[in-house]
Amino acid sequence: MFDIKKENIDLKYALLLIVIAYTFSIAIRMIWVYQFSGADSFYWNNQLMINTNDGYIWGSSALHELTNEFENNSRIVDMFKYGTVFFTYLAVKILPFSLDTIMLYMPAVISSLVVIPIILIARLYNLTLWGFFAALIGSIAWSYYNRTMIGYYDTDMFSAMAPMVILYFLIKTIEDESLNNALFSSLSILVYPFLYDAGLSIVYAIGLLYMAYMIAFHKKEYFTYQSIILISVALMGIAWFIKLAIIFGLYFLFKNREFPLKQLIIVSIISVIVFLISGNVVSIILAKIIGYTVRGNENEGLKFFQVAQTVREAGKIPFEVMANRISGSSLGVIISLIGYGLLVLKHRPFILALPLIGIGVFSLFGGLRFTVYAVPVAAMSSVYLFYVLASFTQSNIRRYALVITLTAFMLYPNIKHIVEYKVPTVFNKSEVQILDKLKSVSSTKDYTIAWWDYGYPLWYYTNTNTLIDGGKHNHDNFIVSQILTADSQRQAANLARLSIETYVSSEYKIVADEIFKNKMQEQINPNIMLDELMLSDFKLPQKTRDIYLYLPNRMLNILPTVSLFSNLDLMTGEAKERPLFFISRNFKDTGTTINLGSGLTILKNQGKIEIGKNLVSINNFVVTAYDNKGKFTKNIQKLNPNSNINVIYMKNYNQFLVLDKKMYNSLFIQLFVLEEYDGSFFEPVILNPLAKVYKLKV
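Going by our numbering, the first residue of the sequence shown is number 212, and it counts up by one from there.
Since the hints were made in silico from the structure, they are not lab data.
Note that the structure is a prediction, hence the values are computed from the model and not measured.
Note that the Cβ used here is the ideal one computed from N, Cα and C, for glycine as well.
One should not assume that every hint holds.
[Claimed, not checked] In silico DSS-like pairs for lysine-lysine, Cα to Cα no more than 25 Å straight-line:
#1 Lys557 - Lys430
#2 Lys720 - Lys514
#3 Lys849 - Lys872
#4 Lys466 - Lys431
#5 Lys873 - Lys849
#6 Lys799 - Lys862
#7 Lys872 - Lys824
#8 Lys845 - Lys819
[Said to hold, decoys possible] Pair ranges (Cβ atoms, derived):
#9 Ile608 - Leu277: 28 to 36 Å
#10 Lys840 - Ile305: 48 to 56 Å
#11 Ile305 - Lys862: 45 to 53 Å
#12 Lys466 - Met731: 52 to 60 Å
#13 Gly512 - Asn846: 43 to 51 Å
#14 Lys840 - Thr234: 50 to 58 Å
#15 Phe576 - Asn337: 37 to 45 Å
#16 Lys840 - Gln817: 29 to 37 Å
#17 Ile215 - Phe576: 32 to 40 Å
#18 Glu886 - Ile769: 52 to 60 Å
Work the whole structure out from these sequences, hints included.
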């Protein structure tokens with residue numbers, strides 16, 4: 212077995228290494244700020260805006276705690292249940308910075324703390340520099356950086372840092388067999404859901420692995436069962452304050468009184484059983500696995516389209532992508548996996564990190580979002596392999612020169628990625644100005660109909676409410692998709708009013724299930740109701756608030772995806788014929804033809820379009836434009852009313868749209884692209900090339 216020389220580094224130097232690693236992590240993240248520091252379009256309220264949509268739920272919730280502006284928003288979260296909101300609120304109250312500034316920089320400040328447990332774990336084995344080099348990699352590796360960069364204001368800032376703290380205390384508990392460490396392990400587990408509840412199944416797995424490890428290798432020791440009891444209580448699915456009281460009660464009891472081993476074994480078994488039942492452990496873990504591997508429509512009741520089918524982060528990924536995101540390269544992840552194997556062989560307690568490495572590999576099937584968990588352990592594993600290779604030389608200079616060189620080799624692709632990863636802000640300044648104007652004409656009880664991508668930002672910048680958002684995209688996706696793609700403006704308007712009023716009066720239940728009485732004995736055929744919504748005498752609920760439609764230009768890119776959610780028969784789950792929608796921004800005008808790419812060519816003199824090998828007549832050829840004063844104009848040439856194909860040239864956007872009748876007549880195309888609205892149902896509020904807002908009149 213290889214022998215790695217120990218490093219006797221004083222605590223003060225270890226602290227210095229932590230500071231250096233932390234500073235390095237922050238400094239690397241500042242590259243993004245430097246790159247966009249002069250981009251005025253990315254600033255609002257004199258601050259760079261954040262770059263993740265999900266950040267606005269936490270920002271809105273913190274703003275609510277500070278100003279109580281979202282009293283009518285049922286989706287605002289409690290700061291005492293979510294650490295992101297709590298610490299944001301605390302930072303705004305204590306520090307001399309605005310909420311926008313705290314939201315921008317908090318991910319970097321929190322996530323960079325991962326260097327502490329990495330270095331402390333290595334220090335347990337008198338290899339502090341191992342931890343330091345690993346911290347340099349683990350704090351900025353591809354996936355971890357992507358989800359914790361400056362501006363990525365989300366709970367992911369705790370995603371790898373918090374599990375590594377738990378891992379540190381559990382390994383220390385094994386190595387020292389100290390009741391104090393068992394207490395700290397329990398407390399770190401207790402706090403975890405407050406910081407990052409999305410990863411609870413991983414903590415369950417680590418906790419169970421700890422118990423199995425202790426039984427396998429220390430089953431005759433009193434401490435084994437004392438620690439299992441404490442850990443089990445921390446993992447139980449009961450109120451945190453009850454768990455806290457029980458943990459401290461047991462801790463002082465174990466400190467001051469000895470119990471027969473048999474009693475401890477019995478109590479530990481009962482504790483584990485209570486944890487498994489109260490924590491619903493098996494169901495949660497299976498639900499996570501199934502949720503990210505099984506895709507399709509539902510089996511019972513109405514057959515709605517599942518959002519996991521369209522989320523990039525929830526899809527299968529190739530090995531290279533997984534490898535890049537965990538370690539920066541395919542070779543890097545292979546080095547990490549080999550290093551982890553050697554690490555477990557040399558230091559058995561590192562088997563506790565298996566769920567973190569395992570979930571990273573699971574990303575091949577479950578999606579790239581899982582790679583982030585594996586990053587710190589992979590970093591430690593790769594540097595450990597470097598130490599093993601370096602151990603074959605006796606010279607300290609050569610040994611550390613090799614480790615430093617190989618660490619730099621691991622760092623290079625990750626830093627290269629960071630420099631090239633120029634992620635824009637969620638919205639630009641002009642788009643936020645539109646939302647700010649909507650805020651000035653609306654009230655906090657009003658609703659804005661928009662696709663779920665824009666839900667949270669709409670809360671933050673308009674103070675209005677939405678039916679769907681980044682965390683609530685269930686059956687109600689069908690409702691919003693149907694409104695946005697309906698080829699009847701009356702149907703869209705009626706459905707919007709019916710859904711919002713039903714949503715509020717039902718106290719915020721899933722409105723699609725309420726309207727269609729899904730899975731109830733009196734379940735309604737949605738197809739019949741949608742037809743009835745096109746009737747002039749359809750009886751709507753009483754109006755209690757205003758409803759707005761938010762139609763951004765950027766939604767053109769996802770319109771086909773949006774249409775998937777309503778382009779199916781809910782009774783059978785069978786998809787309808789997919790409407791034609793094609794965007795061309797790289798076209799070539801030859802004089803007689805316009806080559807749109809992907810096998811589509813417009814024959815200008817014939818009024819036809821070549822789609823693949825088919826030559827098809829064009830129904831409407833539309834040119835839209837804005838004059839020098841910003842006035843919208845459109846010119847419609849009606850070529851062949853019997854054709855199903857329409858072409859729109861959006862001159863100022865320099866793009867062509869090719870659409871069939873259904874998509875051409877859809878609400879989004881009619882109201883945003885053509886500004887062809889029925890004044891009986893919709894009133895324009897904001898008409899801007901970037902986004903258009905209409906107010907419902909029914």
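Exercise for the section: Given the hint that Lys845 pairs with Lys819, test it: the Cα-Cα distance must not exceed 25 Å. Expected result: holds (20 Å)
Handout entry: Satisfaction of the hinted span 29 to 37 Å by the C-beta atoms belonging to Lys840 and Gln817
Key = holds (35 Å)
Problem - Range hint 43 to 51 Å (beta carbons of Gly512 and Asn846) holds or violated - result: holds (47 Å)
Problem - Agreement of Lys557 and Lys430 with the hint, judged by alpha carbon distance not exceeding 25 Å - result: Since the Cα atoms of Lys557 and Lys430 sit roughly 21 Å apart, the hinted pair holds (cutoff 25 Å).
Exercise for the section: Starting from the hint 45 to 53 Å, judge whether the C-beta atoms of Ile305 and Lys862 obey it. Expected result: holds (52 Å)
Practice task
Could you see if the CB distance from Lys466 to Met731 stays within 52 to 60 Å?
Solution key: holds (56 Å)
Practice task
For the pair supplied as a hint, Lys873 and Lys849, confirm whether the alpha-carbon distance does not exceed 25 Å.
Solution key: Measuring from Cα to Cα gives roughly 17 Å; hence the hint holds.
Exercise for the section: Verify the proposed pairing of Lys849 with Lys872, using a straight-line Cα cut of 25 Å. Expected result: The given pair, whose Cα atoms are some 13 Å apart, holds under the 25 Å limit.
Problem - Outcome for the supplied range 48 to 56 Å, where the beta carbon pair is Lys840 and Ile305 - result: holds (49 Å)
Handout entry: Range agreement (Cβ of Ile769 with Cβ of Glu886, hint 52 to 60 Å)
Key = violated (21 Å)
Practice task
Confirm or reject the claim that Lys840 and Thr234 have a C-beta distance inside 50 to 58 Å.
Solution key: 52 Å Cβ-Cβ, so the 50 to 58 Å window holds.
Handout entry: Hint consistency between Lys799 and Lys862 [alpha-carbon to alpha-carbon, up to 25 Å]
Key = holds (14 Å)
In terms of the numbered hints stated before, the structure departs from hints 9 and 18, listed from lowest to highest.
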